[in-house]
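Protein chains: 2
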Amino acid sequence: MTRNPAEVYAELIRRVREIALLDSCASLLHWDHQTYMPPRGSGHRAEQLALLAGLAHQQATAPAIGELLAEVEGSALVDDVRSLVAVNAREIRRTYDRATRLPQTLVQELARTCALARDVWVEARSTSDFRLFQPWLEKIVALKRQEAEAVGYSGVPYDALLDDYEPGETTAHLTALFATLRQELVQLVGEIAASGKQPDLSILHREYPADRQESFGKAAAAAIGFDFEAGRLDVTTHPFCSGIGPGDTRITTRYNPQDFGDAFFSIMHEAGHGLYDQGLDPAHYGAPMGRAVSLGIHESQSRLWENFVGRSRAFWEHSFPRARQIFPDALRDVSLDAFYFALNDVRPSFVRVDADEVTYNLHILLRFELEQALINGDLMPAGIPAAWNDAFKGLFGLTPPDDAQGCLQDIHWSGGGIGYFPTYTLGNLYAAQFFARARGDLGDLDQQFRQGEFAPLKEWLNTKIHRHGQRYHAADLVVAVTGKPLSPRFFLDHLRAKFGPLYGI
Amino acid sequence: MTRNPAEVYAELIRRVREIALLDSCASLLHWDHQTYMPPRGSGHRAEQLALLAGLAHQQATAPAIGELLAEVEGSALVDDVRSLVAVNAREIRRTYDRATRLPQTLVQELARTCALARDVWVEARSTSDFRLFQPWLEKIVALKRQEAEAVGYSGVPYDALLDDYEPGETTAHLTALFATLRQELVQLVGEIAASGKQPDLSILHREYPADRQESFGKAAAAAIGFDFEAGRLDVTTHPFCSGIGPGDTRITTRYNPQDFGDAFFSIMHEAGHGLYDQGLDPAHYGAPMGRAVSLGIHESQSRLWENFVGRSRAFWEHSFPRARQIFPDALRDVSLDAFYFALNDVRPSFVRVDADEVTYNLHILLRFELEQALINGDLMPAGIPAAWNDAFKGLFGLTPPDDAQGCLQDIHWSGGGIGYFPTYTLGNLYAAQFFARARGDLGDLDQQFRQGEFAPLKEWLNTKIHRHGQRYHAADLVVAVTGKPLSPRFFLDHLRAKFGPLYGI
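One line per chain: the protein sequences are A and B, in this order.
Per numbering that gives the first Met the number 0: the first sequence = residues 0 to 504.
Per numbering that gives the first Met the number 0: the second sequence = residues 0 to 504.
Isolated chain A (complex conformation) (with noise of 0.2 Å):
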């Protein structure tokens, strides 16, 4: 081979930013599907998606991706190990590596089973009606523990799957961090439902037409730095964000007319995947330099503006006036702090999306742990009813009413994402160190959002994280931008803060 080195690098970049183009059009395909296709489209819809999928994988995994990339992680090219190419070169062998570890078969039969999963989930959850859904979980957790056993894991064959949204990350390491969590979590429960304080919940219960609670979320996406002219925002069962590409990340939410929180709190979260996918560098589309480091950190920057600014009671100085002028029959008679409490209850329910702050990663810890023994074969899918419905009591001291609000409730295990769910609870420890160190470099973040000044912090994100594509693995991204390794006292350090006032703990 007498190949310029620069041409062969550009020629891998070409190719990879191929495959990114023909999974951007499988992205449109999945926000369609969930937002505008007539409900007799599904089957057609599965085809092409299993078309596409098929495509992709076979793109993704041609030899000649392996030789060009043999060629430069043995060329000059790749000298600092954080250097645009050596970055580049390693997440491509990364993904390579796991693709080529994958049957084709295996790829399209699995886009094929969820596709048509989705919308037995839709029906079995409106219905709550498991048994309408086992049949489809069986499948899909079947061909998950192929792809697990296929693509291989030295500890267990939940890692493998867990390693496609958080690379790097293990069971063991997530095992020892959420006993911790678990621990201090359930103890602040108890602590605050000792109190004896409640926020009066009914105010959020009343009149809130859906056009308004559009136009208030969409402002509020807006104020903080979701560009509108390069996305949208849409109403589907189960809100999303959907980066399809430079100039388009699609984000949606439902209305409870009855519900001020649901929406509200979506569209935040969902804005801050949003800001995310807006502020990667167009430049580097398609390759790691232009992707988000994982679905953790990903996550972190959705809770950071939902929870951290979107539920902080200096958000709400700067907003409580302008939701009293779009929702004035609700709101006349209600003063911030009650506003603020209301918004900030923290008490045991069933799903997951509704939960506060405290008690949100207890949901996560019982999924992390059923997923597991549906992955290593303890628990079969028909067993997910009762052993929810156990491991929630367990957790929460409640039942279940039904499944619609126990195990149907989340749209992942539909879509096959088996070891996802912990990337929300890592979202959530994450986004406490980076806001923390946030307010060291910006000052008063506070007096910031008092006056509705947002752009401080998107700015901060955009630099620190966003525009570092996969630079850093999460892990050593914490450290680059904190100084410190992920560590969960940020984030229980920020829940003592916040709740101890609130219900004089």
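Since the hints were made in silico from the structure, they are not lab data.
One or more hints might be untrue.
[As the list claims (entries may be wrong)] Now the in silico label distances, taken between C-beta atoms and shown as ranges:
no.	chain 1	residue 1	chain 2	residue 2	range
1	A	Glu10	B	Thr236	37 to 43 Å
2	B	Ile325	A	Val234	22 to 28 Å
3	A	Asp344	B	Glu452	55 to 61 Å
4	B	Asp78	A	Pro102	38 to 44 Å
We treat Cβ as the ideally placed atom computed from N, Cα and C, and that holds for glycine.
Mind docking chain B on chain A? Use the hints.
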């Protein structure tokens, strides 16, 4: 080769179906481009569409298809010329031969250019600034001329483009057909103008709130049989229908609250297209036997429902009382006769899509002549505005007030659709001939429409046309269905029979 012919045929169909699936992903991206894509998403969308077009072209020109096809053609499977296998083989041959003559680079360049040009056209039209669009039109015309040369032709280069939309049609045949039409239409327009009779058009320009137009239009589309479980209605600058695939057919319109007809008739029109797509046999999806014959036949379905049904007196005898309920303020003092006459007003106007049944085809004749001149090099794109206005003056006796209402009014050229317009007039002629036959076969259609019964006509079209896929070329289909070759007489007779009494001529 010792392969079993049935297996060879199955493999050929599998490949052809996969190309159709890939194209259908692009269709969804096109639909989204015009409905919901955020403005800054265009650059990325162009890259996605170019990639998909390139992949589809790669697959469509794979030598394996040529080999499989040759085996099928030489086998005993191809017996009767109208048999399933023979039809599929014939049409796969036609598209394969065309595709293999087109260089991959040209296909991708066209897809990328047109995705970008569409947005420029939208802006040029809204500001009536032809110079903005001119460089893009130049690029597109140059690419389409390359396409014509690559594909080849026996008559003139324009034939090569026409053939892509209307297989077997020629410039020479259309020129003769359109000459008859022009003469008789100009004559009829003159008689109508001389009659001195004019409806009160102001009743169509009262307040028709957009949301009510939408529900009225949707109800009409559902009444004629458009299945909204397998389709949608959305808003775009330029109405269209996109058959994404089985169970997923999407139509669009636009609402002007001071214009009853614009949205309503475009909904009827696009629903007519949609009924064709929904009527195709899903068992043959992706293969010629599951595809529409041609754009002309497609247009015959839309024009039949828009004009022969939607603008008929019998239809409004059924629908006018409903219209009055939905638009009480606008229609309280309006009689059925006045409303019907207003909907069938005939007069020269600037915008094709707003044109009445009589003048409509004159708009097409103008485009047919300009397109030929662009493709054979007699006319440069820079000369389009002047040439358009001259020709318009000659046909209609009027000069467009600006290019937005002149040469910039249509989306087609921005999407590379040169050679497409003549299929609209063919559609009108086919519609008239089919409708005359349906009247003969189905008894008193007017009486059925008066009672809101559209199923017999829809099912007749399903059976006679939709379910045949591409069994016949257009010229043969019209003989198979009506017993006679295409003749403009049915259309001209329809105009005389309808407008004679209205205008007392």
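| message | Under the constraints set out in the numbered hints, which ones does this structure not fulfil? | response | No hint contradicted; all consistent.
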